[in-house]
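S.K.: Between the sequences and the hints, there should be enough to build the whole structure, so can you do that?
Quick note, the sequences are listed as chains R and G, same order.
Residues 3 to 254 in this note's numbering are what the first sequence lists, from first letter to last.
Residues 3 to 254 in this note's numbering are what the second sequence lists, from first letter to last.
One or more hints might be untrue.
One copy or two, either will do: identical chains are not told apart, so a pair holds if it fits within one copy or between any two.
Straight-line C-alpha distance at most 35 Å; calculated DSBU-like pairs for lysine-lysine [said to hold, decoys possible]: (1) K40 / K9; (2) K95 / K232; (3) K115 / K40; (4) K115 / K9; (5) K95 / K26; (6) K242 / K151; (7) K152 / K40; (8) K179 / K151; (9) K251 / K151; (10) K179 / K242; (11) K117 / K40; (12) K95 / K9; (13) K179 / K152.
Quick caveat, the hints were computed from the structure, so don't treat them as lab data.
Protein chains: 2
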Amino acid sequence: MDTDLNKIPNSLLSLSDPVFEFNKQIIEATLPHTVAYKLNFAFYEARGPQGLVSMERTMQFLNNRAFTIADAKRGDIGNTATMYAQSVFDYYKFNAITLSPYMGVDTVEPFLKYKNHWSIVLALTSNPGADDFEMLETGEGKVYERVIKKFATSQMSEQVMFVAGATRPETFAIIRKHAPDHFLLVPGVGAQGGSLEEVCRYGMNSSVGLLINSSRQVIYASSGNDFAAKAGEQAQIIQKQMQQIMLDKGII
Amino acid sequence: MDTDLNKIPNSLLSLSDPVFEFNKQIIEATLPHTVAYKLNFAFYEARGPQGLVSMERTMQFLNNRAFTIADAKRGDIGNTATMYAQSVFDYYKFNAITLSPYMGVDTVEPFLKYKNHWSIVLALTSNPGADDFEMLETGEGKVYERVIKKFATSQMSEQVMFVAGATRPETFAIIRKHAPDHFLLVPGVGAQGGSLEEVCRYGMNSSVGLLINSSRQVIYASSGNDFAAKAGEQAQIIQKQMQQIMLDKGII
Numbered sequence: 003m004d005t006d007l008n009k010i011p012n013s014l015l016s017l018s019d020p021v022f023e024f025n026k027q028i029i030e031a032t033l034p035h036t037v038a039y040k041l042n043f044a045f046y047e048a049r050g051p052q053g054l055v056s057m058e059r060t061m062q063f064l065n066n067r068a069f070t071i072a073d074a075k076r077g078d079i080g081n082t083a084t085m086y087a088q089s090v091f092d093y094y095k096f097n098a099i100t101l102s103p104y105m106g107v108d109t110v111e112p113f114l115k116y117k118n119h120w121s122i123v124l125a126l127t128s129n130p131g132a133d134d135f136e137m138l139e140t141g142e143g144k145v146y147e148r149v150i151k152k153f154a155t156s157q158m159s160e161q162v163m164f165v166a167g168a169t170r171p172e173t174f175a176i177i178r179k180h181a182p183d184h185f186l187l188v189p190g191v192g193a194q195g196g197s198l199e200e201v202c203r204y205g206m207n208s209s210v211g212l213l214i215n216s217s218r219q220v221i222y223a224s225s226g227n228d229f230a231a232k233a234g235e236q237a238q239i240i241q242k243q244m245q246q247i248m249l250d251k252g253i254i
Numbered sequence: 003m004d005t006d007l008n009k010i011p012n013s014l015l016s017l018s019d020p021v022f023e024f025n026k027q028i029i030e031a032t033l034p035h036t037v038a039y040k041l042n043f044a045f046y047e048a049r050g051p052q053g054l055v056s057m058e059r060t061m062q063f064l065n066n067r068a069f070t071i072a073d074a075k076r077g078d079i080g081n082t083a084t085m086y087a088q089s090v091f092d093y094y095k096f097n098a099i100t101l102s103p104y105m106g107v108d109t110v111e112p113f114l115k116y117k118n119h120w121s122i123v124l125a126l127t128s129n130p131g132a133d134d135f136e137m138l139e140t141g142e143g144k145v146y147e148r149v150i151k152k153f154a155t156s157q158m159s160e161q162v163m164f165v166a167g168a169t170r171p172e173t174f175a176i177i178r179k180h181a182p183d184h185f186l187l188v189p190g191v192g193a194q195g196g197s198l199e200e201v202c203r204y205g206m207n208s209s210v211g212l213l214i215n216s217s218r219q220v221i222y223a224s225s226g227n228d229f230a231a232k233a234g235e236q237a238q239i240i241q242k243q244m245q246q247i248m249l250d251k252g253i254i
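M.R.: The following block contains the structure:
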C-alpha cells in the first residue's frame, strides 16, 4: 500500500482521511486473495504526523486479518534499532519489517528479539543501483551473497527473510543456494517489469518460500470510483496465477 | 537529540509534551555552543504519530537557528526516496538527512535534487557490525571505500557528506584520501568511546570538514532539574576543545 494522495480517486479527497478510506476499501476488496499487506512508510511519512495516523488506522482496520509488513528499510545501531522495533512492532503492531543490512548484524538483532516477528533483510534489490554496491565482488561472493550467508546462518535465522528483486530472476538460483529454506520477499513484479513465472521457476521451494509483492498494479488498477473492485479483480488474477504455478509444481 | 522518555527528568513527565519541553530547554542552553542539531528519528517514531508531533514542534522552535540533521538512515528506490525527501525536507524542514547507501546511487539522487540540502551517506560506522559488510574487501578497496569513491565523484557531490565513526580514527586517513574536501559527520565521540583529539588529528582538513556529534554526553549530562544548564556547560566544554584544536592547526 504505497498510497499516494496524487493517485487516489478525486472523489475521496473531500473526506477527512482519504488515505485511510482508500486503504480500507482496498483491503475489503483484496482480503480474500491476499496473504500479506506491505505498507510503504515513506508514503505515510511524507504527510507528517497525520500520515502516520492514517497508517495507524489502516493497521487497526486490518486487525491481524493478514500478515503485515512495515516497508521501512530501517538500519541503525543497537539502542536506535530497539526504538525502531518499538515503533513498528509494539506501537503499530506489524508482523515484519524490511531492514537495510549495511551497518551489520548488530543492527538487526534488536528486531529478532521480538518472537513471532520477522526481519526482512535487503539482499538483492530490483533497482538499477543494485549494481553499485550489492553486486560488488568480495572474493567469496558478491556483497548481497555475503549478506544472505551471514544472516542465513545466524542465530534466530528462522525469523529472517530476504528481499530479492523480481527484475533479476536469474540470480534466484544463487540466492536459493545460500538460503534454500528462507522466505523471500519479491518486489518488482508488474509495474517494475519482473515476471511472476520466472520468479517462481527460480525462486520457489517446496514450501513456496516466496512472498510476491504487487503493489501499484493492484491498488492503482483503476483511477475511477471502481478502484476497489478493480483492485480486487487484479489481486484475484495474480492469486490464480500463483495457485496454478503451485498446482503445476505439486505444492498444493 | 536522542530524546528518551525514560531518561529525561521526572519533573517533565507531567507536562503535555515532555519530549518537546526537554528539547526546547536543551536547545536554549546549548545554542550558543552548537553548530548543528541531529534528531534521531527512531526516538520520535517509537511513540507513534504523537512522537512526530514532538519532532515537528522541536523543528519549529529551532526555526533555522542552527543546521539541522534528520538522522533517519533512509534508503529506498526512486519514488519512495522522493517521498522520504518530501517528509524530511519539505514537511519537517531539515537541512540534511543521513542515508544508507546499500541499494545504490539511485536511492540518494532524489534527495540531491533539493538545492541547499545535504545527503549524509553512511560510509564507515562506529558500531562493531561495521566489520560485517562495510569492511569487506572488494579488490579495489573495502565496501565503505567504494561507497565514498562513488559518491565523492558523482554529480552533485558537493551536496554529499559522509558518516565516519569516531571509534575507528585510524581509518580517517583512508577516508580523506577518497574525500579530501567533503564534510564528515562523526558519531561515536564520548559515550561510544571515540576521542575528539584523534578524530581531529586524522580527519580535519583546512576548512575543518568535520561535524562532530556528541549526543548522550550532552543531553544527559544531568538527570536532575539542572539538566539544561549542565547540557549547556558540556556543549561549551566540547566547543572549547574544538576551538583549541582549530587554533593549534591555524584554521582560525
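S.K.: A separate judgement is required for each hint: does it hold in the structure or not?
M.R.: Do the hints match the structure? See the list:
1. K40 / K9: both (18 Å within a copy, 33 Å between copies)
2. K95 / K232: The answer is within: 28 Å in one copy meets 35 Å, while 38 Å across copies does not.
3. K115 / K40: both (21 Å within a copy, 28 Å between copies)
4. K115 / K9: between (38 Å within a copy, 22 Å between copies)
5. K95 / K26: both (17 Å within a copy, 31 Å between copies)
6. K242 / K151: Within one copy only: 33 Å inside, 47 Å across.
7. K152 / K40: both (25 Å within a copy, 31 Å between copies)
8. K179 / K151: Close inside one copy (10 Å) and across copies (31 Å); limit 35 Å.
9. K251 / K151: within (27 Å within a copy, 46 Å between copies)
10. K179 / K242: Within one copy, since 28 Å is at most 35 Å while 56 Å is not.
11. K117 / K40: Answer is both; intra-copy 20 Å and inter-copy 32 Å each pass.
12. K95 / K9: So K95 and K9 pass the 35 Å test inside a copy (27 Å) and across (25 Å) alike.
13. K179 / K152: Close inside one copy (13 Å) and across copies (30 Å); limit 35 Å.
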